Each structure stands twice: as C-alpha cells, then as structure tokens.
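As they're listed, the protein sequences go chains A and B.
Here our numbering is used: the first residue of the first sequence is 2, the next is one more, and so on.
Here our numbering is used: the first residue of the second sequence is 2, the next is one more, and so on.
In short, the hints are calculated from the structure, not lab data.
Heads up, a few of these hints could be off.
Copies of the same chain are indistinguishable here, so a pair counts whether it falls within one copy or spans any two.
Subject to a maximum C-alpha distance of 25 Å in a straight line, what follows is the list of computed DMTMM-like cross-link-like pairs (lysine to aspartate or glutamate) [to be verified]:
{"id": "1", "residue 1": "K340", "residue 2": "E214"}
{"id": "2", "residue 1": "K275", "residue 2": "D128"}
{"id": "3", "residue 1": "K340", "residue 2": "E253"}
{"id": "4", "residue 1": "K340", "residue 2": "D179"}
{"id": "5", "residue 1": "K246", "residue 2": "D128"}
{"id": "6", "residue 1": "K304", "residue 2": "E239"}
As the structure is a computational prediction, the values presented were derived from the model and not from experiment.
Residue strings, one per chain:
Number of protein chains: 2
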Amino acid sequence: MSETRYDWLADRWVIFAPNRSQRPDEFRHVHRSSSSEVECPFCLGNEQLTPESLLVLPRRSKASTSPQLPTGRFASQRSNRTWQVRVIPNKFPALAPISLSGLSDLDVGHLSENHNDSKRPVLPMLDPLQSSYQLSGVHEVIVETPKHLNSLTQLSPTQCKLVFEAYRQRLNHWRAHDALRYGVVFKNVGSDAGASLSHSHSQLIATTFVPPEVFRCCQRLMQYRESYGKDFFEDTIEKETIAQKRIVYRSERLIAIAPFASHVPYLVQVLPIKDEPRFEETSSQTLGELAMLARQMLAAIEKMFPSAAYNFVIHTSPFDPNWDQSFRWRLEIFPRLTKVAGFEWGSDCFINPVIPEEAAARMREQLNLSTLLAN
Amino acid sequence: MSETRYDWLADRWVIFAPNRSQRPDEFRHVHRSSSSEVECPFCLGNEQLTPESLLVLPRRSKASTSPQLPTGRFASQRSNRTWQVRVIPNKFPALAPISLSGLSDLDVGHLSENHNDSKRPVLPMLDPLQSSYQLSGVHEVIVETPKHLNSLTQLSPTQCKLVFEAYRQRLNHWRAHDALRYGVVFKNVGSDAGASLSHSHSQLIATTFVPPEVFRCCQRLMQYRESYGKDFFEDTIEKETIAQKRIVYRSERLIAIAPFASHVPYLVQVLPIKDEPRFEETSSQTLGELAMLARQMLAAIEKMFPSAAYNFVIHTSPFDPNWDQSFRWRLEIFPRLTKVAGFEWGSDCFINPVIPEEAAARMREQLNLSTLLAN
Chain A
2 MSETRYDWLA DRWVIFAPNR SQRPDEFRHV HRSSSSEVEC PFCLGNEQLT
52 PESLLVLPRR SKASTSPQLP TGRFASQRSN RTWQVRVIPN KFPALAPISL
102 SGLSDLDVGH LSENHNDSKR PVLPMLDPLQ SSYQLSGVHE VIVETPKHLN
152 SLTQLSPTQC KLVFEAYRQR LNHWRAHDAL RYGVVFKNVG SDAGASLSHS
202 HSQLIATTFV PPEVFRCCQR LMQYRESYGK DFFEDTIEKE TIAQKRIVYR
252 SERLIAIAPF ASHVPYLVQV LPIKDEPRFE ETSSQTLGEL AMLARQMLAA
302 IEKMFPSAAY NFVIHTSPFD PNWDQSFRWR LEIFPRLTKV AGFEWGSDCF
352 INPVIPEEAA ARMREQLNLS TLLAN
Chain B
2 MSETRYDWLA DRWVIFAPNR SQRPDEFRHV HRSSSSEVEC PFCLGNEQLT
52 PESLLVLPRR SKASTSPQLP TGRFASQRSN RTWQVRVIPN KFPALAPISL
102 SGLSDLDVGH LSENHNDSKR PVLPMLDPLQ SSYQLSGVHE VIVETPKHLN
152 SLTQLSPTQC KLVFEAYRQR LNHWRAHDAL RYGVVFKNVG SDAGASLSHS
202 HSQLIATTFV PPEVFRCCQR LMQYRESYGK DFFEDTIEKE TIAQKRIVYR
252 SERLIAIAPF ASHVPYLVQV LPIKDEPRFE ETSSQTLGEL AMLARQMLAA
302 IEKMFPSAAY NFVIHTSPFD PNWDQSFRWR LEIFPRLTKV AGFEWGSDCF
352 INPVIPEEAA ARMREQLNLS TLLAN
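Next up, chain A with everything else stripped away, as it sits in the complex:
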C-alpha cells in the first residue's frame, strides 16, 4: 500500500509506493527498440495478464463482438480480438486506489472544508516535520495498439486519433467523480523517461489532491490575470506570433512553440489558439489535428535522436471549475537528452544546452506539414 508524505521544507509531496519496485523491467537487459523476450501483457491475446478493460475503442457493438470471443488456451472471457485501444488499471499503481463506492471519512472531512476554495491546496494543515497522509487516486494504462509496436509513430492516423479519443473519454469520466481534483495524461518512452515496458502505451493519473507544482502554476496564472487584466497564454501566443522565431507549427486551431525559457532541450508546447481550459472538452477536429501533430513531432524527435527516450504530458485544468478562467490545456513533448545533475537537483536551476529558437528551427525542418494537413 502506498503512503504519501509531505516534505514541508521543499513544499513537495512524496509518494512511497514499494509495490512499484516489483514492476517488470525489460530495459535492464535489452535495448528499447529491440523486441521483448518476456511475454508482453499489452499484446492482443494476452489480455488475461492484465486487469479487466475500463474502456475499449472502437466501442463494441454486441452483435459484432460476441461471436468472436476466443476459445484458445490463453483466451479468457475478457479477451476480445476486435479492440484497437484498451484502457486498463495500472497493475502497479503509484497511488492508493480511491474507494469508488464513496469517500472515506478523511476525504469527506477535508473536502467539505475546502471544496469551493481554489485559493488553497486541498490538503489539511500539516506538521512541518513529519506529516504523513493517505493520498489516493487512479492510475490507468492506455494500451495504444493490439500489436507489439514500440512507438505511437508506427500507428496509423486513425489508430492514433483513437488513442487521443481514449484520453478524452477517461479524463471526462474522472472529472465527473466527486473525490477527484486533478488529472493528467502522460507518456514515457524509453528507460530514461521512466518507462518499464516497450509496447506503445500511455498513462493517466487522477488524484484526490492538486499537486503542489500544479497548484503554484494555477495561482500564478490567476495572479497574471489579476495584474495584467489579460490571459497569460493569450499574451504568450500574441508575443510569439510577432517574434516568429519559436513557432514550430500554427493552424487555425493549434499553435506549437518551443517556449522562451524551456528547461530541457527541444521541448515543444502545443496550445489551442482559443481559450480552452479543458483538454477533454476540445472539439473532435482539434483532437484529431493534435493527434496528427503529436505523431509528427514524435517522428521528428525519433529522427533527430534515434535512441533518445522521450515524454509527453497533457496538462488540463484541475477539476475545480474555479481554475478554468485562467488555465489553458496544453501538450508538452520533450526528448530526454540531458541528465539532472547535482547542481540542478539542489537549485531548481536547469542547464539547457539548446536555445529554443534553434530547437524550433530544427523541429520545423523535420515536420512533414503536407502529410500533417492531409490527414
């Protein structure tokens, strides 16, 4: 069972999850792009190795799937040969599971106290020296393909859009849950990025609290609006459009930029041009375009840095609607080219060897815009 503790000095929560050290780690001996020798739990036909699906895309119609239930040695009633994207609970969750039937006493207590107060993080008062608290949440895996492919870039455009559709549906599902306050979708590819399995997948975490870093970010966005009377991201897009130097892609709906003060090299941020706080409420058109753009940007990273690990993270507004007025959803993609060394670790001062203007220029060269716009 995981336990969460609070480091008062660093203003940081730490989740102790001893069960995560039991995770399979196929990277210890094999290269990320080589095929796995252990039986892959995400492959078609191995559904019995994972918990039951929470979502399957495309949606099953009873008539078409029932007759296809497999009957072989490894088949179970859960297996379904028609799935293209499966969402399952993470077998090694980072957080203690929430009670889906209702809230615990502790949750009820602090929720009733703070429920509508977006000025404070939703956490009880803490002992600076030793506060321990049972934080809970959900941790899911989005299996992006039934085939043993290592990258989202190997998926067809249709398949790739289904993956983003799964993100949207799961975030919408959890936003409606009373006990949860925040959700994030992310993708770790390669051991250096924190991945433990190579079959193309992403993850969703939703928590009963707003993480401190996210809370601080939200506060600063509100502060910006109060000080300048305008939206931080609107101003950013305006300024970047005038400067031109850091824009990687721009359409009617989306803009991709290498942020002015990226703390890691080749980080690209994709934002909606319109003021949309919630990723999961964007239009199908925007979602489809985002999926294609993400696929192209990952392809660019794979071409420029063939063996590099990478992450992407989709930030969406915390579930309390009070935050919506200043938040804007965004996708961040970044290869893991630099290591966090002793200095950065202790100072939060990052050393980035690549200036964003150069990163943007190289990314632009790599993007195949004609293919992107054709899909």
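Using the hints provided, position chain B relative to the given structure of chain A.
The following block gives chain B in isolation, referenced to the frame of chain A:
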C-alpha cells in the same frame, strides 16, 4: 556564451549554455567503470589539457617543488608532479564568468538596490512572458586525485580529507567575493547523474544570485523559526533521535539520517549536531569525520548498487549573513535509481519506491563503523 532566462510560470531560472554540448562524453560508448580510451585531462602529466590551477593541495613550498618541474614532451610550467588535489576552472562553464576585476553596471545596479534585503531574491523586476538576463558565476572542478581512479572510495583517508579541505577553501574564497551570493559543491558520478568524465572529481558553482529553490527553502526555514520559535534542523534532529528509525549514523559532531519524506530512494542527509550555517567554517575535526563518513556512505551505495550513478551535494548558507540564523549546512548523498517520468515532471510529486526507514536500516548494515571511527 551562456544566457539565463526566467520561466515566470514555473518560477524557475534556466541557463542556456550551448557550449556545454561540446563537452567530452566518454560514457556514450563505454561503461562508467571501464578505463577511458580518450586522454584523461585530469590525470597527472596532462595538466596542459586543462586551465591553470586555482588551488593545489597540499600547499606547495617553493623549495620542494621548483626543482621538480617536468621537462618532457607534454610538460608545461603548470604541471607539478607533487599535487594531490587540484582545483581548476571548468572548461565548459554553466554560467557566464564573473568579472573578477569588478562588477558590471547591471550587477552594480541590482546589488545596490537589494544588497541587504534577504526577503527578496536578488533579481530585478521581470517581464512574466520573456525575461532574459545575464546571470554569471564561477564553475570549478575539483580533481580529487592525480591517478585515474573512478571513485572517491578508492582514495586513501588522507587524500579524501584533502578533497573536503579543497571544498572548504574554495567556498571560503568565493564567500569573500562581493559579486557572489551563493555557492554549492556537488559530485556527479556516472552518466545518469550528469557526469561526463570518469576520473574522480567534484564541482563547485558560485552564482551572483540565489537560485529560486534555495531562496524558497531559506524563506521556509525563517518562517519555521518565526512560527515555532525554534530551529527547524534542531527540531528534526530531536525528533529523529526519539524515533531512532531513520538514523544512519550519529557521533558527537554529526548525524546522518534518511529524511522522513525523501523524494528519491536511499537519500541520506548528513548534518552537524551543532547549529552551523556554513560548511566552510566547520572545524577540521568535523570536516575530517565528514570526509570519512561520505567515503563510507559512497562505498555502501557502490556495494548495494554496483552500476548505479550517484550524486552528492553540499548545501551551505547563502553568502548574505542574514540567512545564517536559520540555515544549517548539510551533505546529501543519493544514488540515481529512479527516473523522473512524465507524472513527476509535471507535478513535482515524486514517486519513491523505498521507505526511508528501510533505506536507513540497509545503509546502517553497510557502514563499517569501526573503520570509520579509526580514521
């Protein structure tokens, strides 16, 4: 030339240092413990490959060293066969060098405005969207041995104490410099910890600003003192002494603990029992004991995790004496066993698979206290 930019949203400075991508990287192809095939610039006899020494230990006496100046093919006037520890400027500095002859106009301007105000970070008012500022500092390398050894644990006790003596002297040197506000000593071993050369070495960075994370930490320490009327670290040591569970080592002078809310596994923090803000002003006895303890802890880490990278960081009070009343110096050692994945990256919520009580117990088992106390 490096440029520093400010990410207003994350409240984080980012140093762009394109010259660092030219650093030699012998880890790309060889294992950390294997001997290097490139000529090692830190080895005895290769002094001409590095800038001139800033400090050599033991201190040279003119009589003994002058006749020993080498005359061979690779020798230069800088080479000196008697050195045991050398401190040199980093050839690939993370920061723009400070002008040692005096302050620049910009520095003078903001220093005169904020010089005695420890309530604010020493930085001018910033544009939230795009602030760029030339931050400068010094970046030095402490070459810990003339031999091509890969670890501090391979040094003799005397040699190891000389290394810590070098840290002390260099920090004392830079604290006295008007333009500098903060200094830190750190050690990166292995590629995953950010090292680029395997010859045992550590680094010192001193900056014209207090990094945001350090500033926040200092503020919280002051806040603790104001709220509770006591010292944060004094209370921590008292509480840990009662609990016993997380203590790795304790003597009259030093205590080593696995902190209650460590964000990474097996992190150990060594603190002076007495309230000492500045590492560089500790007694020779404490310094010697710390050197031996650090050597033993690194040996324990190397034994438990033979191929793991690791870091240590020595935190000392920022140079403004106003911070001294609540700061305490400390050494932090941690192997790099976990990767920062998408979730941690976006939330500052770390996932640690090892509970500190267990980490402390395992570290205690590994420490050879009889050897430690004999030196």
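25 Å Cα cut-off: does K340 pair with E253 within a copy, between copies, both or neither?
Classified as neither: same-chain Cα gap 36 Å, cross-chain 37 Å, threshold 25 Å.
At most 25 Å between alpha carbons: which applies to K246 and D128, within, between, both or neither?
Classified as between: cross-chain Cα gap 19 Å, same-chain 47 Å, threshold 25 Å.
Given identical chains, is K340 near D179, meaning Cα to Cα at most 25 Å, within a copy, between copies, both, or neither?
neither (39 Å within a copy, 32 Å between copies)
Please work out whether the CA atoms of K304 and E239 approach to 25 Å or closer within one copy, between two copies, in both situations, or in neither?
neither (30 Å within a copy, 55 Å between copies)
Between copies, within a copy, both or neither: which fits K340 and E214 at Cα up to 25 Å?
Answer is both; intra-copy 21 Å and inter-copy 18 Å each pass.
Go through the copies and call it for K275 and D128: within, between, both or neither, with a Cα cutoff of 25 Å.
For K275 and D128, the Cα distance is within 25 Å only across copies (23 Å; inside one copy 42 Å).
Violated hints, in rising order: 3, 4 and 6; the structure is consistent with all others.
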